[in-house]
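S.K.: Chains as they are written, first to last, in the working numbering: chain A, 11 to 187; chain B, 954 to 1127.
These are calculated hints, taken from the structure and not from any lab test.
One or more hints might be untrue.
[Said to hold, decoys possible] Cross-link-like lysine-lysine pairs, in silico, DSS-like; alpha carbons within 27 Å at most:
#, chain 1, residue 1, chain 2, residue 2
1, A, Lys137, B, Lys1107
2, B, Lys1059, A, Lys137
3, A, Lys71, A, Lys155
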Amino acid sequence: MKILGISGSLRQTSHNTQLLRVAADLLPPGTELEIFDGLDEVPPFNEDDERTPPPGVVRLKDAIAAADAVLIATPEYNHSIPGVLKNAFDWVSRPIADNPMRGKPALVIGASTGMFGAVWAQAETRKVLGALGARVLDEELPVAKAPEGLDDHELLAQLADLLGDLVSSGEALMRAA
Amino acid sequence: MSVATAVPNGTWTVDPVHSSIGFEVEHMVSTFRGRFEDYDAQLVDGKLIGTVAVPSVKVYDENLEAHLQSPDFFDAQLHPELRFESRELAIDEDGSVTLEGELTIKGVTRPVTAHGRYVHVEADLGGGERIGLALETTVDRRDFGLEWNAPLPKGGFVLGNDVALKVALELVRA
């Protein structure tokens, strides 16, 4: 099974990109995680171009379509979802009927340097993915006090469980296909 | 044309061109209708077995069709087929019928009772024997896990929960 990881932060030393790398090491055997590295090539959404999207958008949509499940790690900016992530999903969502997130298993996790672990951004990302018709796991993983928080053993065990749920969701679809 | 009370024996297969399988549900202020294009039905010794391909759902908007196939409604990826399997057809003298059976939607199987009409034609234009079955039942979609709804700004919801299933079958002797 192939999982696509998308970090909501473009920062070179992003804690959320690091969280995806941590997740990659916790996946069950037979599962691989590819971290998408082209979010900075996705221009501002313009509905005029939704049927002929720019190359950066095509790359993102193709990567999602090729994955069996999607793992989002998002920071929280001003109590909400980062603009780059929301912008990317706005592109992905169009045209609505055949957008590649439709029916796709998705798990949202997030890290912050503060106390709350991007919990609001995670909730809003789940809401957005739900609007795209994704099969969003009703779970969250607030990783507080990054980067030290990424070493918390209890949290890593919780992350491993959630990744197991994501893989199960993907496997159920593969069996049904 | 004659109306029979005897349950037709043998195997009868559906004429898909002259049959239809649809549903109706209240949408705010009116009735919303949809249908399924791909289906199969057989009447075997008075028992009806029908299957419907969820991805063939048709309404007037492709985005709505995609939404109907999503986990909010039928979840066609995991549950691509609807199924109905009946007990023996009961036909009254006036042609009205009662059909009890098990309906499976989204992996949930529940008993339903459909009512309708039975008509028998001894010879159609090609000389073949033909029967008609018009059936209708109403289910609460939430019983089958089709839970989606949206609240209206001043109270109430967009979508009704009772869904009328309407089936019109023309069956020819196999």
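S.K.: Now tell me if each hint is right for this structure.
M.R.: We went through each hint and held it up to the structure:
1. Lys137/A - Lys1107/B: 23 Å, holds
2. Lys1059/B - Lys137/A: 23 Å, holds
3. Lys71/A - Lys155/A: 32 Å, violated
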